Every structure is written in structure tokens, then in C-alpha cells.
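Student: The residues making up each chain are set out below.
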Amino acid sequence: MSHKLTDGGQVMHVGTLARVEGEGAMHIEYRDGTVTDVQLRIYEPPRFYEAFLRGRAHTEPPDITARICGICPVAYQMSSCWAVEDACGVEVPEEIRLMRRLLYCGEWIESHALHVFLLHAPDFLGYDGAVEMAADHPDVVERGLRIKKAGNDLMDTVGGRSVHPVNVKVGGFYRYPTREELRAVRPRLQRALDEAVQTVKLVAGFEFPDLEQPYEYLALRAESGYPIEAGSVVTSSGGAFAVRDFTKHIEEFHVPHSNALHARLDGSPDPYVVGPLARYSLNADRLSDVAREAAREAGLGDTCRNPFRSIIVRAVELVEAYHEALRIIDGWTGSGPASVPVPPRAGEGFGASEAPRGVLFHRYVLDDEGIIRDAQIVPPTSQNQPSVEADLRTMVQSWSQLDDHALQHRCEQAIRNYDPCISCATHFLDLTVDRG
Amino acid sequence: MTVTDRSDATATERTRPTLAVWKFASCDGCQLTLLNCEDELLRLAGEVEIAYFPEATRAVVEGPYDVSLVEGSITTPEELERIQHVRQVSRRLITIGACATAGGIQALRNFGDVAEFRSIVYAHPEYLSTLSRSTPISAHVSVDFELRGCPINKRQLLEVLAASIQDRKPRIPSHSVCVECKRRGNVCVTVAHGTPCLGPVTQAGCGALCPSFDRGCYGCFGPQDTPNTVSIAHGLRELGMSEPEVVRIFRTFNAASEPFRRESERHEQGGPPAGEGEDA
Ligand code: SF4
Ligand code: SF4
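Residue numbers (numbering that gives the first Met the number 0), protein chains in the order written: chain A, 0 to 435; chain W, 0 to 279.
To be clear, the hints were calculated from the coordinates, so they are not data collected in a lab.
Quick caveat: nothing in here was measured; it's all calculated off a predicted structure.
We put the CB at the ideal spot given by N, CA and C, even for glycine.
Errors might be hidden in some of the hints.
[As the list claims (entries may be wrong)] In silico DSBU-like links for lysine-lysine, alpha-carbon gap of 35 Å or less:
| # | chain 1 | residue 1 | chain 2 | residue 2 |
| --- | --- | --- | --- | --- |
| 1 | W | Lys-153 | A | Lys-168 |
| 2 | A | Lys-200 | W | Lys-168 |
| 3 | W | Lys-181 | A | Lys-148 |
| 4 | A | Lys-168 | W | Lys-168 |
| 5 | A | Lys-168 | W | Lys-181 |
[To be verified] Facing chain W, according to a computed beta carbon distance under 8 Å, are these residues of chain A, among others:
| # | residue |
| --- | --- |
| 6 | Glu-20 |
| 7 | Arg-66 |
| 8 | Phe-245 |
| 9 | Arg-295 |
| 10 | Gln-375 |
Taking the hints into account, I'd like the entire structure generated from these sequences.
Tutor: What follows is the structure, encoded as C-alpha cells:
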């Protein structure tokens, strides 16, 4: 909705953002084509997870933090497991790490397929949503649902359930899936890999507004392979630090208009970006041949700075996730125990992994019985919130000649480029609301 | 967003029941369960008119709606008002998930942490928009059916939707997870391995998922109809759980459901007094 202000300015306000996870609104004020105020308002009610975690046992974070977000529960489970194991001085064997990576591939697939086909593609093809889109493009929607289902099947097989998997625990898994169970999902994954390659071609054919953003990118980078379940932190300006130093570089702060914290990197006033664009731009050399080839054919260079093209990068990451899942299944021997003991001890531990929307960081302080004394969680959407606002500012400024309807749609799309997970962003302990 | 006035709709369109999906304080996982019905989603969209579902579409068809699915619990003054509106525009209101049926994990604020939360509240007097308790939808408006689970189960969701379209009672069992274990041919994790398990007091629906993964049930579907929580708590103690652990196992996603709340409080101060027994 757009209306004029008495001083000649204009306000554009969208009260309920559609096709995002969680509840948010957008508020933009501009005068003579100059943007004077931009706010992504996250009004999703806070749920106080960091407070709930205090007094719980060190074994509990994977089940509790999963409930922060139904779309990316595995990300919460993995980051919390790494952080608790770090605090307890336990390193899990390679087999367990690989099984975590396999489960995480399922989540990337489910989340990216949901976003690409059901939430984001309708913007490019001009529909209100996927159901409306299915009337004219049944093949596209059906393909999307098949691709998504294969990811959910993988999560069911490894995690027991796709929303809030039951099989993850600190130290590993309650039990490994059997070779037969893994073999049973393989053909579906193989078929979906081919369909994912087609998807990269499809979305690369969409029309993209010209826009290059100068942001600093931040992502994990692992010793080998594309960053998913682990790694250390790197930035596009050459920064590099260990996950345990995350809070030395990333500072969270709050702004009056949002129930979610914002974050800044090394005190810089410029926003930084996490998520597919950042991961890709910092790790393109680590993609498998099939994903690199798909990216090349789609016209992506080694970095991508157009936020609208994030849909292509997500599709490339879908290819990568399928390829990686098949590689892990094919090499799986299932030797060794499904979990290692994690005896409690007093300490502080740090963990991070690449949620579908970007780096998700956890920190826990345990006492000597393993009871959690302090917890901190930094989700991707908080980190991206300043750059979403910066994009809106740039876009309203450069496209002020568009009519209200078109401009509003562009702006909504700009927010969906980030696939913001608003439920995740409002988990925190301390909150002030300015009703000014 | 596009608002469609239903008076424009053709007669055939109007014969399809309308479905609205609403969100309150939650993780979106129960709504996602609907979008995860990959094989059924398009067919479902043919049977019902998806009239309001912001997570999936910008389009809004004006109410009233034949069926409303409500996810999430009530945690803010704004939500208190909004749920009244949802009730007014819904012919049938179905709550989905532990948040909507029992206050969800955000109801942990209802317990001992209140003092801690208060101190936060007083530190920021402007902090007025969160209620000190998280409550289920049924605490505020009448609810036609409550579907349990954190998250809900996909097959159960489709059954509830089918039943409301056909105007019949949904076939949702109220027995415990134990029955599902037996049906599935699982070995009892408690009997075989001494693993603590809430299966005997937890409502069926998941298909006995955790025991099939060599894990004890942690109660994500909430209490079954007539749970003997006293006896299960006694069993948990015998298996070596401490009192604080017993408190915590009842205090997760269904912490504010009456039987689980009561049992956790019985164990809060170092356990129930000797002789206080099999509770009414
Ligand atoms: S019941 Fe569980 S899965 Fe459903 S919305 Fe609440 S936290 Fe999420
Ligand atoms: S066994 Fe219990 S905790 Fe596990 S999924 Fe079923 S109801 Fe939930």
C-alpha cells in the first residue's frame, strides 16, 4: 500500500510480506525519488530460546533449537552439536561427520526447492503463488515438488522426519540408516539430480533486473568440498577467522523497528551478506564438476553480485547437494559406532554451519555437570537484515520511475531474494520495542 | 497483494470450500507439513480453494472461510485480538501442532523462569508487547478440532482436512505411542535396553518414530487421553533419571499441557513428598 505524506513525501508499506517464512512487513519512505527511510520490520513474536536453554542439559540443544525453525531444523541441530562437542572437548569421527553432511544435504534440498519453486519462481513468472502458477505451468511446479520430495525422503531416511528430525544427538546419531534404507532412496536422488540440472537452465532463463551490489560476503570454507556442515569463516575482502572467534568479529545490535537483532562485521557500518551468493562467491572453486558446469552454462562467473540471480545460485546448490548426497551414499561403509560419548565438563564451545540461508552460529557455556549456563545463537536472517534494507534503498532510488504497483512488487521480490527466515531471526533473549 | 472479491467467483468456484492458514507464535514447521504434501498438494488445491495462506501466496480471497488451520500459540496482545478475528471469519477452526494446542515450547516462559523474564521486562519498561504466558488457541476461542504433534503428521493432516471437507469426524487415534510400536513390530526400548521413554503417556500419530530409531519417545505429540504420568515418572526414576531430568522431560514442546505441566511441577522441588501418591 502506498500513500502520500502531507509534506509531499510518499510511504510504501506492505503489512504482511507473503511467501516468506515468518511474519514481517516492509516500510519505505521517499521524497522526490530519494529514499529517506527503509525498514524491514520483523514483528514475529520473540520466543526466548536463549533463555530456555539456560538450565537445560548439554544433550538437549539439538531437540530444543530445532524448534526455532521448521524450515531449517538440521542447521540448528548441527551447529548446536558442534558447539556442545567443542565445549566438551570431543571430536566426532569422520563417518559421523559424513552422515551429518548427508542429512544436511536433505535439508538444503528441501529448503532450496521450496524457495526456488514455491516462493521465488512465482515472482519471475508473474503469479501470486505456486498454486496459481501450477494452472499454467504444471510441469514446473510438479518438477519442483518432485525435487523437494527427494530431499524430504533423504531427511526421513537419515533423520527419521523432515521437520524436526528425531535421530540427531550430541555425539552423532541414535542409529545409522541401514545400507538398504540408503540404497532405497538412491534412484530418486539420481532422478532429482538430473531434474536439478534442468532447473538451473530454467531459472537462468528468467529475466533479471540489472543490479550489482558491492557487499562484503561472509561464508564458511572447509578444507575440502563445498561448505555445508562445517568450516571456518572467510570474507570477500580477505578476512579469515576460526568459528571460535566469531563473536570477536560479529557484533549484534538492535534497532527499534524490528524484533530481530541486526549484526555487523568488524565494526563496519556497511552490511555484509551471508547465504547462497556469499557461499558461492567464496567457494565456487570447491563445487563438484557437475555443479560448476551447470553454473557455467547458466552464465555465472566465479562471483555473483546480483541479488536477483540468487535463484540461479540456489539451483546450482541444489545440484551440488544431490551430487554430494549420492557421493556420500555410494561411499558409505557404515563402520564404526553411530555416536561417540560426550561426557560433560565445564567450558565454552562454539559451532557454526551453513544453513540454507547462510552461516548459523551457536555458543554455549556449560558447568561441570553439563548444565547450560549461557547460550547465544546468531541466525542468518539477523546478519542479512541490514543488507536487505540496503537493497531496498538502492532499488527504490534507481527505480522510482516505476509505478507504485510495480515498485512495490520489485521490493517484495528484493526481500524474497534473501529467502529470509523470520521465525529464526526472532529467537533472542533481550528485546526492546520502540513505540515512538 | 491481490484481493479477490468472492462475489465475482463463478458458481462452480464457490462450491469449493475455502481454506485459510493462519500463523501465530511458531516455527512454521506445521504449515510446512502442508507444503510437504508433495504428492497431494495440487490435488488438494483442486478440492479446496486456498483462500488465505501468506506463506504460500500473495493472493487473498476475502473471508469468511469454511476451514481455518491455525498454527502457533498466543504470546502477544496483538495475537489476542487477531485470534478473535480468525474465529469470527472461520466456519470451522482447526489448530495444528503443539504450539496451537498446548502453547508450544514458548510456554516454557510460563514456569520458573518468570522472575528472570520479569527482570528483563522491568529493565525495559517499553517492552510491553509480549505476554508473560504462552497459551493455546483453545484458551481464547472455541476450537473445532485439535491436531497434535511438534510437528504434526502429514497423513493425519490430510485426514483432518478430508474429514472437514466431508463434514465428518476425523479418524485420529487417542491411544499411546506404545500401540504404534506394537503395530510396527518394534522391540520396546525400555524393556530391551532400559531406555527412558515417554511412549506410554504420549499420544499416537508419529508412527512410533523414535523407538524405530533406537531412541525413547520425548513426548512431542503431547499427552494421550488418560495418561498415567505418575507411574511413568516413577519408572523414569527407576531407570536412573534424576528429579531435575524428570522435570525437564515433561517440559519441552507440550510443557503447558495439563498432565505434563502437573507432573513436572510435582517433581520440581526435589520430587513428590513421600506417600503422595497416585494422584487424582
Ligand atoms: S508445533 Fe512444533 S513444529 Fe509446529 S509450529 Fe510449533 S514448534 Fe513448529
Ligand atoms: S516417538 Fe514420541 S517424541 Fe518421537 S516422534 Fe513420536 S511422539 Fe514425537
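Student: Would you list, in rising numerical order, the hints stated earlier that this structure does not obey?
Tutor: The structure breaks hints 2, 4, 8, 9 and 10; every other hint is satisfied.
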